[in-house]
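Combine both chains into one complex, guided by the hints.
So the protein sequences, as listed, match chains P and G. Numbering follows our numbering, with no gaps: position 458 of the first sequence is 475. Numbering follows our numbering, with no gaps: position 352 of the second sequence is 432.
Just so you know, these hints were derived from the structure itself, not from any lab. Among the hints, erroneous ones may be present.
[Said to hold, decoys possible] Chain P is faced by these chain G residues, among others (derived, beta-carbon under 10 Å):
hint, residue
1, K156
2, L172
3, H443
4, L497
5, P509
[Unchecked claim] Footprint (simulated), chain G over chain P, 3 or more residues, beta carbon under 8 Å:
hint, stretch
6, 101-111
7, 376-388
8, 481-493
Built from N, CA and C at the ideal position, the CB exists for glycine as well.
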Amino acid sequence: MRKMRIKAIKFGLLSPKEIRKMSAVKVITADTYGEDGFPIEMGLVNQQLGVIDPGLRCKTCGGRMGECPGHFGHIELAAPVIHVGYAKLIHRILSATCRKCGRVLLSEEEKRGYLAEIERRREKQVDVDEVVKHIFKEAAKNEVCTYCGEYFSIDAEGLDEELDNKSSVGSELRDRMEERGFSISKDAIMKREIDQKRLFCWSRVPGADSKRLIEFLVQEFELPWVKNARISRKDDKTLVLSSGKHSLEFSLSPKRDRANLILQDGISYEFPVKKEGTELSVYSFRWVIVDTDKIYILRRSIDKLNVYCGERQKQIKYEKPTTYKEIDADGKVRRLMPTDVRERLERIPDEDVKLFGMDPESARPEWMVLTVLPVPPVTARPSITLESGQRSEDDLTHKLVDIIRINQRFMENRDAGAPQLIIEDLWELLQYHVSTYFDNEIPGIPPARHRSGRPLKTMAQRLKGKEGRFRGSLSGKRVNFSARTVISPDPDIEIDEVGVPEEIAKELTVTVNVTERNIQQMKETVRRGKNHPGANYVRRADGRKVKVTELNRETLAEELDIGWKVERHLVDGDIVLFNRQPSLHRLSIMAHYVRVMPGKTFRLNPAVCPPYNADYDGDEMNLHVLQTEEARAEAKILMEVQRNIISPRFGRPIVGGIHDYITGLFMLTRGEKRFNKEEALDILRNIDIEGLGEPAGIMDDGTPYWTGKQIFSVILPPGINLQFRNKVCEKCEERGIRCAREECPREAYVVIRDGRLISGVIDEVGVGSFKGAIIDRIFRTLGEESAKEFIKNASRLAINYILQAGFSFGISDEDIPKDAKEQIRDEIIQEAEKKVDKLIRAYEAGELEALPGRTLEETLELLIMQELGRARDEAGEIAGRYLGIENPGVLMAKSGARGSLLNLTQMAACVGQQLVRGERIRRGYQGRTLPHFQPGDHSADARGFVRSSFKDGLSPAEYFFHAIGGREALVDTAVRTSQSGYFQRRLINALQDLEVKYDGTVRETRDSIVQFKYGEDGIDPAKSVGGKSVDIDGILEEEIGTSA
Amino acid sequence: MAAELVKIGIEPEVAETIAETFTVSDLTVDREELLAAGIEEYYADDIMNMLGIEVVGEVKPGDIESKVDSSPLPEKIKDELKSKLRAVRKKLTREKLESIIERVEREYENARVEPREAVGIVAAQSIGEPGTQMTLRTFHYAGVGAIYITVGLPRIIEIVDARKKPSTPAMKVRLTEEYASDRHKAGKLAMEIEETHIRDIARVESSTEDMCIWVCPDERELIKRGIEWREVEEKLRSLDMPVEVYRSESGSLGGKFKIYTRDNSYHELLRLEERVSNMLVKGIEGIKRAIVRKSPDGEYMIYTEGSALKKVSRLEGVDFTRTTTNNITEIAEVLGIEAARNMIIDEMMSTLDEQGLDVDARHVTLIADAMTMDGEVKQIGRHGLAGEKSSVLSRAAFEVTVDNLLEAAIHGEIDELKGVTENVIVGQPIKLGTGAVKLVARNFNFNYGESR
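This is chain G alone, in the form it adopts within the complex (with noise of 0.2 Å):
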């Protein structure tokens, strides 16, 4: 690199410092590093114009403001534009700060979507045409051990389905300040929100010699879920059966219990076992299990396998603003049809990203906007939008053919042909992108001859 300097005329000893210092790159960087490495003013300057760069008509700090602010850009283009002109403000001039800013304009309409574009058949291709690389398996272990979610293909059909319940649900639930930086307050917590059943914390066995159940906890597991005495008797004395305590005299929390059937039948004796091993002594119904892991932000946080949304967010401790479940239809009921369209957006993008696919986030929202804008949550399918089409022939062509038709006629619909396939069927042109426009020539004075 020396040598190029010298060539335009710098003496080669400054040269020699030059290249022992800088890099091409950095070179272009800044002015200022120049002269504080102890090169002249002059020679910097040389080698600014050496670069192609100008001194001369220097920008201002407040200029690259004023500028960008006075432009007709959407306020998140301007605040990134801001921010990376300010990061290289000693390489513009006026006229360049004036040329990008003008760039930026012109690009940003050239841009913009064009009238009649059908954006909803790219959307459609977009999502569709990565589905064959998608993978097929139902379970993973995403990010949290123990925890398995459905990705994938299945995933994406799932939401598109907009099923009631998800064949995996689960929430990621977010804590309080105070909760979310302590471990032993969020393990706590967690333990209140994961099912707790009888018999995960005892043996439960029939004794058919005396027709009666005993119940007998296990003291490890009654102090590691937190879970008292009192709690399990109170239990189980709300089976509105005869139960006899038996404490033993070691532990405080040591004993049994001994619950009577009130009809002596062993079928009666059986279906007791099975009821009292299945009550939920403590937990959230539906939370199967719960698990404190630290997010990628730092904070402690609880995925949880099994969703209630709306009991999980009253607890203390838990910031519902930020607690999410990955079932749709429970976020479209607890927290209302917009948050339910982001979720759709999060989950749809989140499954495409995880499969190392690139899909445009627009096309992610038009979908999702179109399965909530009626105000509840519709699958795209025969039962969802495209069962509500309004052109009969449409359906038809779907699914369920012969039934559309019979409806049809006796509602004596009328079908309008403003669609896509009302109109491949009829065999005339679709009224989207060009095809919504006449061109209509008139009739022009052709004077081939004499033109070349």
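The following block holds chain P by itself, in its conformation from the complex (with noise of 0.2 Å):
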């Protein structure tokens, strides 16, 4: 089969014609089904609008349910309605363009200038919606239309003074106007009305604006020689035109608010100009005679005045949801009905309604009112056969119920000869009717309701939405050959392994042909049926599926041919998607291989949980098996976690160890730990090694004994070379003390060379995710499956080691001396609140200063909780010195396996100051937390100090005060997840079609370029080392064994 390709998809309204061709048939019953449960003819569930029983051939094309695709029908409307959707632009499209002639109210020459621009933008594929917008409401302003009057000059001589009136038509000018045949009523009104003005900058004429300049001029003095003048500038305020025997003159006054223009026969025209910075507008008057029904521009020009007479355009006005009204000048209001409304849109023609940005090929404006109704097919609003066997109807089929309903009697009344206003009830009805089936949230009228009162889905709640068909159903689909269940550890099989259980195994299936090569393999398969690696169904050479049972296994095995196809079981090796949500970056999906095992759960390697951001707490993770060869070829090069250790957030690992990982190395390289030969191996025994290398000594009973940093290189590839500072390095060197470098007492200095741990201690740096200096330098130095082979070896190193050497944490391990305790409690806690103390006296007494830039309350309290902030930090010092780094909590800590020192002296010492907001706490009562104590006590107690430790207990109080601070953290953590998740969507939405080209560039769907060389110098991140193209100080290391 040949692949096909959707190309476009254009967008269009449906004109009454397409949908009348488009229709199967023409629905005019109400009914759906019959007594004998069968549709009802033209009803609307009728059987040419598709099938969704089973059993039953569909009337229009014949095929079975799964077949028939379904297929519209149509409503012949008794009267014209209105789209709800486009009330609005009916509206303003209304407003913009003549009530007689239908033309938009703009001068050809406007109109013109508009087209180009629209077209200008279509073509750079930029928004038109500013300069239709821009028409719309220059267009509204008109009063009048050009189009469908009449033009005329007349003579102006005379008439100066009578123009000046400002208020009635002065009798010379009405006899001139009669003499043409316009005779003006008495009450006609006249006004004097600022034109137009037109901008231009003086200081640039001659030059980029003289075209503006000639334009006004050409326009207001009829003066058509002027296109063609040369233009001079006489003086500052004065420029000569001139073209052959033609010239004039044009001058500011010299306070630039007028403006005089003198032909060559000495004729002169003033008028008044603005000055806006350096750009001057030149307005021009008119004059506007309003007379009953008919309105008159005149504009003056050299000799004549100019008349024209159009039809006055009234204004209409807009009800939501769907009517409007024409008002006249007197204010008379006239209802216009959707027959009116489409007659109007109809006369617009064709070149006018591009003004609009509309197509008038895909979108006339006459189909935004609704003669013919589209019935979607019944494939679209199935009906469900409830247990008591009644059918119940889709919302949208109750809708069209409703409007065939209303039709029906609409056309009845009105073939009755009904009175208007029953006619007009109806129509408000069906108009309504029509709109909810469109959009049942619209504001101003009642949604229609479902018996039961819940608000019926239709047509806008269908799409819209997270869960409506966009969000819903075509950007998020369903999909099969998934599992899903809970995770839990299993160190012992690889990172890029998933353990998958034996009941998920057989229902999982992976489509195999059957070939020359593997028939007998798959004969096999298909034998063992449910027995796991087995099958579930084998599909014929001529496509029929057989399900494999107990009873025809046997068969279908001989049978088997090549051609066949084989739905064979999971087995170890496939290749799947792994995937925890949220998925919020590229790593949350990766590809692992299956491992088939007992049990109910996914089993995956602790190491690869950071990418996840999975934990055992009961996370579920799915599973996806691939059904392609395209798909599993690409699975395997670009998604296999050994491929995906470096992150392309940060270039740096984020597969790693975690937790015991990293205490179990960390103990093991710390010091001078001995091991004789079978603990070595001991340690060493699930891990491929080549051999211990060569003891580093012998023990005083004679035998050989191994390091544990000799052991930790064991599992190093050869040839590496590396240093670092881990993470107990104090930074000396940052407090002018030299780095002892490999003498360091604290084993801070890791240094590597040729695959042997010289020095340091390894941590969380060397091997944590995240960070992994080791992993890092193994994956850029020797490939991806080196690294996964080293962290699979480090993290089964160190689990052997941490189970033979034991390790626990518990709650004896934060006990500290009484002595210390006495000495927190007695000299800093309480030296600090004695302190508090002070400076709330200080502050009562007035004699805090405050510090610069704050009020006297904030100084108070930035300064006590200094003050609360040190204490604890003592106290946790305090505790430090007893808690050595032998204590496991501190091990952790210091290791970067979990938790942090703060933690301990929690723990151990002191809980400290629980805040809200970043503030003490303030709030409870008033004037105080809680009602004993006294208001206004600033004191710590009273304001959330916890001076007890997790260990010893908190007090009432402190428990109350640590339970609001928690509170904030969860309430934290629950806005936190929507706004970031918001966020993410909307960066995924703007930004999801950036590709970098074959010419380097970063371009958008448009080709517009977005960047020139991505990240400005073309460098992937996610292979970069941390950021840089190239690790020069790594290259150097390994080359040569030291960097600068």
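Here is the structure:
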């Protein structure tokens, strides 16, 4: 089969003609099923509209359920109705077009200009809305149509005085107009209006702005020769325009508020101008005579008065949701029925339609007023049969029933000659039903409801929102061949493996084509049937699918032939996609290889938890089985775990040791631990090694020993050279102390030379996720397979050692001596509280000096918080003195395995100040936090300082404060997830189409360039070393064993 | 270590001295140092050999430059490479040098993005993913004690939203040399910048008895803020209301003003009082606070709450080339779109840094470039990039589904199905990355019978 690709989709309005053409049947009956249980002819679930019941055939195409896509029908509406979605646009169009001839109320010239602009924008694929909006605004301003009226000139001589009289038409003017056959009634009003303004920059004429000046002169003074005139500047305030025998002077008054035009025969004409910065606005005046039904526009040119008489436009008022009213100059209101609206829209010529940004080919404005309503196929609104055997129709069907009923009633009433009032009411009702059929959430109209009172879900509701058609069904699709269950750890599988329960493996299948090469194997598979490495279905060469059962498996295996397909169970080594939600980055879906296992959970190597952000406290993950060879190849090349060890976010490993892995390696490599051969090999028991190497020395009893560092070195690939400072480093150099490097007493300087750990202790910085300097280096120099191997070995080593050495952390590990406790209580905390009291006294006595830019209260709070913060830190320090590195808590914190020193301080010494919004707790009762404090008490106790440690236990008040602080953290997390979720959705939506082209530029779908070179240097962060294109230090270390 | 040296044939005494003066890593650092420490040359060479470093084929100072310069690498990398090679020159051999340069070239080539890479999605994920780890607390004291700055996720969202005004506008005003070294001068400049209203320097009272307003300037405040009596008087006279001045005899700055209302209504009186208190005597409008602090590089600079880049840049003593504001729209207006782009990058990077999140600058650059590519700062969202996309389906799938479809019909829009969402919707491969290329298998002559 040739693969087809949809190239483009064009959107448009359906014309009544099209609706009728695509309709399979005209629907006139409001009922659905007859008493016999079969659909009614011409009814809404008519069998010509498609089939939803198994066994029936479509009367239009003959297809069965599943084959027939369904067919549209149509309803002939008794009277046109407005499409609600376009009600606003219809109003704008009505306001912008002539009520008589339908032309847009703009001059030809303006239209040409706008059309050109629209065209230009279309070409550049820029939004045209701005122009269209402007057109609507400008056109609606014009009171008179210049297309269906008349135009004539009268002699202007001697009229000046009359024209200055602004309120009524003078007799001279009246006479001259009557000569032309236009009689003006007595109460016609005349007004002088500012007509237009043309802006041009005086200082730029002649030059850039000459065009606008010329345009002005041509139009206002009817001097066509000016078009070809040469413009020169006589002085600062005067321009001379000349062409052949013609010439004129254009000058400004000294104050630049009036302009003077002097023609060569001495005629001069003065008019006002306005200065705006360096620009001059030139106004021209016009006179408007407003008669009862006509309007005359008079424009003075040199010696003539041009009179324009056209259809006077009325203001159109739009009342939500679908009513239009026309208002006369004298305030008379007439309602425009949809028939009137449609007639007007019909009159608009195609070229004017384009001015509204519309494409007349695909969307004529009158199509926005519906005369025919398409009826969607039944497949789009299937009815469901309830348990009771009753049919329950889809909301859309319900709505269509309503429409047909009213439509029918409308016709009956009209044919019977019902009074206008009743007709209008029915019309309104029809409009209501059609409106709510499209959108049932229109503001201002009550939503149509189901019998139970639930609002109906109509067209718009089906489409929009998270669960709507677009986001719910089209952008997000449901898939087969997937599984979901709880995850649990298994350090003994590879990082790119996933343990799949047999139960799941038997359900999920991979389709295999039976070929010459695998037929024997496949026969065996089919023969096994439901027993694990078996098959669920076979597909014969003719496409028929047969289920493999206990009864037929032997025969099917016999029959199996080349060209058949076998849907076999998932087996070890199959490639699958593994995913944990939220899928925030691409590392949330990676390819793993299947390991079928007993049990009911997915098994995952803990080193791969960081990219998925998974833990084992009940997390569930999804698994997808790939179905095509292309997909499998792509997953293997792009999505394998080991190929994604480096995070594209920051160019460093994201896969790596966590928790016990770090603790184990830390303990193993710290100091000079000695192991005899048995011990050493025991630790390395499930690791593929070549040998232990030379022993480090001989123990007192004469047996040779190996150090922990040596054992770690065994899993390091040879040829790796690396130096770095680990997490234990106290940054001596920043404090001006020379770094002792290899001799560091804390073993903070890690040196690896040729795959041997020379000095330093391995911790988070070495093998942890997000940091993993060693993993990083192995990945770069030896590739992903070595890195994967190393991670696996390191984790096995760590687990082996920690199992052998033993490691636990319990409540007694936070024990500190009684003296220390007393010291913390009596010296540190009491001192701090005293200081706080002193501060409060100083504040109350008004002796406290406010910090710059702070109020007194803020200053006090700040100082108190500082004091209490210090107290907690000091308490922690004292506790820390008694909890040495041998303390498991400290060990975990220092190695970066889990927890921090602050956690330990809170457990062993003092929990410290509880905060809400960065401030001490202040809310609760008026002036106090709890009723057993004095109002206005600012002391540490009263405002949420917890002096106890977790180990000692909190007092009731402390417990309460701690709960307040804890609640804030909970609320914060909840708010944050929703906010950042939306933030990411927006980012993805805005950037998803950007790609690097072959020329190195980054472009979007329109081929506009976003960046000339990706990231300014064309380097892929996922292939960079922490953002740098080349790790020069690393190369030097590798090549000559040291870097600068 | 001495034992090891003895093992490779160095006399025990010499080995002792070496072990006393050097650690293993030092040994690898310098042959010259060995000589300087009084170790004889052939021993030194032996030691070097022991560490596997050849002495022959020495690299001369000029070699590095000429070798590196002839490579096709970008200048930045060349410079870094040169300086790092120079530091270890003594350990290099010609061969090594060449192999290092070759390796750098190779790794550089390997690190380049591949065509068709969907960098947009990666950038969006890289910034969105750590979003969940950011704080939500709006206010934070960022370095400067007194000025509130929005940080974390809200700040990032604000930048990406291209708001006209951030929720906490702030400026970092850098000063010219003269001012930057003089705390006093900087302080005076800060006073110039900071908004001072009448209410800050004077007591304003309304008196219903004779329908007037009393303005009593506080002498201390006037001196502190360097405002002269005359300035206050001028300001009050500009109200165009009858003003009486009462100067006290004692101090040059003492005294008060009496301002009358035009019409004798209480309403008018109260309004006038309000107006007088809010009159700006000094400073730049919009700058609520200006604080002098030492910058990390040791200069005095001014941090402000509120932003008015254009006005502040014009002041004497302000080095406008280094003065910034966190209001990106303002930057775009005053300094242009390129500056705005850079500011988006700076602001985002520093916000992410503050939260301890490591995000590659390239992702941020891409977002900034996408936001500014049309010459104006555009929002990432419905009213910007996402709303202006050429694809109808993509817009409809993002937000305001129905309106987008109605519009599209009217315009007769054509969706060319070039982007991601559109193709997901119609169910065909996406034209990005591997979806953009076609793989056609010709009829290979498989002979799988014999290959094994």
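Hints, one by one, checked against the model:
1. K156: Holds, about 8 Å.
2. L172: holds (7 Å)
3. H443: Where the cut-off is 10 Å and the nearest Cβ of chain P is about 7 Å from G/H443, the hint holds.
4. L497: holds (6 Å)
5. P509: holds (8 Å)
6. 101-111: Check passed, 3 qualifying residues.
7. 376-388: n = 4 at 8 Å, threshold three: holds.
8. 481-493: holds (count 7)
Comparing the model with each earlier hint shows no violations; every hint is respected.
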